[in-house]
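S.K.: Single-letter residue listing:
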Amino acid sequence: MRLGSYEVKLEKKVRVTGLEATGISLLAIVIGLALVGLIFLQAKVNPLTGYKAIFSYAFANKFGLPLTINRSIFILLCTCAFIVPMKAGLWNIGMAGQLYGGALAAFGVALAFGAKGSQTPAAAPGLIIGLMILGALVGGAVIGSIPGFLKGRFNTNEIVVTMMLNSIGYWLIAFMIKEGGPFMGGGGEGEGFKLSESVFAPMVLGWTFTIPIALGVAALLYFVLAKTTLGYQIKAFGLSPSAAKYAGISPHNVPLLVFILGGLIAGLAGYHYFAAVPGVYKIPLNYGDFGDLSFYGIICGLISQGNPLAAIPFALLFGGLTNGGRFVQGQLKMGYGIDYALLGVLMITLVAFQFFYRNTIVWKKTEREP
Amino acid sequence: MPIQHVKRGDTVLEARGITKRFPGVVANDHIDFEIRAGEIHAILGENGAGKTTLMKILFGLLQPDEGEIYVHGQKVTFRSPLDAIHLGIGMVHQNRKLIPAHSVIENIILGHPKAGSIPDLKRTREEIAELCDRYGFKIDLKAKVWQLSEGEKQAVEILKTLYRGARILILDEPTSALAPPETEKLLASIRIMTGDDLALVPFITHKLPIVLAISERVTVLRRGKVTARLRTEEATENSLAREMVGREVIFRLDHVEVEQGKAILEVEDLSALNDKGLLALKGLSFSVHEGEIFGIAGVSGNGQQVLAEVLAGMRKAVAGRVLIDGINITRSGTLERWKNGMGYIPSDRIDVGSIGAYSLADNVLMNYYFDGAFSRWGIVDAQKTRKLTERLISEFDIATPGPDTTAKSLSGGNLQKLILARVLSRRPRLIIASLPTQGLDVGATEFVQNRLLEAKRQHAAILLISEDLDEVLSLSDRVAPIYEGEFMGIIPINDAGIEDIGAMMAGLKQKVAEP
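In order, the protein sequence lines correspond to chains A and B.
Okay, so the first sequence: first residue is 1 according to the numbering used here, each after it adds one.
Okay, so the second sequence: first residue is 1 according to the numbering used here, each after it adds one.
Just so you know, the hints here were simulated from the structure itself, not pulled from any lab data.
A portion of the hints provided could be inaccurate.
Covered by chain B, per the in silico footprint, the following chain A stretches (three or more residues, Cβ under 8 angstroms) [unchecked claim]:
{"#": "1", "region": "277 to 285"}
{"#": "2", "region": "295 to 309"}
Here are the simulated DSBU-like cross-link-like pairs (lysine-lysine), alpha carbons at most 35 angstroms apart as the crow flies [unchecked claim]:
{"#": "3", "chain 1": "A", "residue 1": "Lys245", "chain 2": "B", "residue 2": "Lys185"}
{"#": "4", "chain 1": "A", "residue 1": "Lys365", "chain 2": "B", "residue 2": "Lys225"}
{"#": "5", "chain 1": "B", "residue 1": "Lys7", "chain 2": "B", "residue 2": "Lys185"}
Derived DEER-like restraints, expressed as beta-carbon distance ranges [as the list claims (entries may be wrong)]:
{"#": "6", "chain 1": "A", "residue 1": "Arg15", "chain 2": "B", "residue 2": "His112", "range": "33 to 43 angstroms"}
{"#": "7", "chain 1": "A", "residue 1": "Gly288", "chain 2": "B", "residue 2": "Arg321", "range": "56 to 66 angstroms"}
{"#": "8", "chain 1": "A", "residue 1": "Met164", "chain 2": "B", "residue 2": "Lys225", "range": "36 to 46 angstroms"}
{"#": "9", "chain 1": "B", "residue 1": "Thr77", "chain 2": "A", "residue 2": "Gly337", "range": "44 to 54 angstroms"}
{"#": "10", "chain 1": "B", "residue 1": "Gly326", "chain 2": "A", "residue 2": "Ser167", "range": "23 to 33 angstroms"}
{"#": "11", "chain 1": "B", "residue 1": "Pro401", "chain 2": "A", "residue 2": "Val30", "range": "56 to 66 angstroms"}
Beta carbons: idealized from backbone N, C-alpha and C, even for Gly.
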């Protein structure tokens, strides 16, 4: 293309450095925010005022910040749950179903030990908490193993299976916590029962201990994918199933394994939000919102190109924006859904700007042809 | 600019100083070259010499960084292949770009400007039939493309470009997938075309005899530069090979005599199915000994690939037994076989033998990640892998910037060297080499064949599957022609005549021989 006396060309990029990727992402975020500014303008709100309100609530408010952090950690775990199968070339769209499974198993353990409401649990709280976490991991893994097994054995489409399981998980929770269900809460409000205070997840420096665990999971996952023979096999399968088969990597076991691992991490996300975030400690009425929130894990995993550490800032951003966006909606009396609009536009710009991971624009001054 | 009438010998297409750089390499370095009407101009070069890049530039698929293209003396700039097509340039790609489920005629008119409106099929058919008659293509225009042989598909591709009005035809490796009789037919048609003052650029890498048989002029490329520009009558097979590789090439290998030891691979009554679920191996029995190359000769699709996959553990046998060194491995997985001393060089080096997005070091790791010496507590020993890769790169003379380069950036020959290096470095007792030199240029072919002979000297048992009869005959100790999943006999090399084996490959003759 020719612009004035400049020749503008697209060139393929061989590789992108971490710094470049960061720059590209920041640019995408700035442009995304500028575009959403138009929505603020049509609502007769100064975009700067709007963003100031969003960011100060999300990241600098003593009520807003914990909410942001807890949501971000939840999104980060869902991202990790998405990344493991993604590296094997498979799509985990079922973090929702898996985290429901994890939550059900964790609360099942609590109920079995009588750690409900004001009752005194039948075992040491530490043991119960440990078993609850274990239950959450197993619950998520069981749900995850279904698409993994079907994929490996019968080459079933994992997207369809995981989606279906989301629905099954959703209604399974409804059955368990609504009126007459075994996990029914005391108030008859359609919520699950509240945990006994003694089995609330422990706090570290005022924050729930699942936060360091989740960061540890991300770091461990990064290490496993980058440095171990297991990560090597998963990635090889994702890049070329036929070459992986040649190298002796089992086409049955890899899908099963990655979905079990993904489900495991999603199960932990379920434990985190429902059993470890202060003020929740139950499967709430709006548990479906957290199923929806888990889908941000997909976009977060794609934007960070399957790098669990690079996913941390994105998870933080998305967690903050869902939180801050919802807040300004009330604060500035804007229409419903500003938070969804904000995240939607931001995702589109972030994904669109990935184009520059693979291409660069070259400007060349040219002399005009005679 | 309309397509002009040209006289025989006129320069129709000229390239001056074409330069194209890719990150890390100069694919075309100031290439000058011209083609004339009525002339077949062969472009010769090793894999990675820059032929494909040059052809893509001439067809508008790539834009040169420097240099100019002239068509009929006028300077042109191609923004896309469409510009080239408008000027009468047609390209027939090495990989078929046809729709198998459509008929020949539908494929030919697809994308044709006339097909925009409701196509007048009757007239179109007549026009195409006329083209067929003229150039000697015998094709049922109503047949579906999937029913055609490779040679017929090639003809459809050529017809398609001719029907688009191409006067300058670029043929990318036109004979690489064809059997000898089909090649003859194609060459005959091409000769008629040159009579019509069409200019043709068939470019052929490793089939020197065809270059000599058909072209009038040859341009030889090496590492992106033109090394020779000659009339074919002045050239010989050896002189062309020397220009292409940059050194002398030995065409016939001396037979290597090695004392044979015990049987390493024993196959008893082996049967297996192909992807369609049909019986593709029908009770094969044979054995391969230490220090022996056992050649399986056959036309592609007679069960050789199925055999290789069964032996490598990538496909299940339905009956029979496979033993390596006396151990029954019929039910073992691929990994167990690698650990038991098997090494497999697959015929599909891009999709099976390597992972394009992985670095060379990670590609080497494909046959080592399970090896205790290359990992500790499940963590890959990156240092050791890197060192091994560096060693293999230098030992096998692989042209690459280093172990961190991705495999997809390697040329075909270098990729095959990498796979060979990786497999041989494990010192396998049994090597299954499937089409190890297919698609390679003479230099790389010679290299691969010598390495296999070297492995034989070191007492490996080698099963060589090849469609190149010359290769089978010059490397093997015993030859088994395969036809429809059965051996037509197993013949010691000294008793084998090329005609006999050719006949057996066609399934014509059954010869009783020692098992």
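S.K.: Look at each hint and say if it fits the structure.
M.R.: Okay, the hints, checked on the actual structure:
no.	hint	in the structure
1	277 to 285	violated (count 0)
2	295 to 309	violated (count 0)
3	A/Lys245 x B/Lys185	violated (40 angstroms)
4	A/Lys365 x B/Lys225	holds (28 angstroms)
5	B/Lys7 x B/Lys185	holds (26 angstroms)
6	A/Arg15 x B/His112: 33 to 43 angstroms	holds (41 angstroms)
7	A/Gly288 x B/Arg321: 56 to 66 angstroms	holds (57 angstroms)
8	A/Met164 x B/Lys225: 36 to 46 angstroms	violated (60 angstroms)
9	B/Thr77 x A/Gly337: 44 to 54 angstroms	holds (50 angstroms)
10	B/Gly326 x A/Ser167: 23 to 33 angstroms	violated (55 angstroms)
11	B/Pro401 x A/Val30: 56 to 66 angstroms	violated (36 angstroms)
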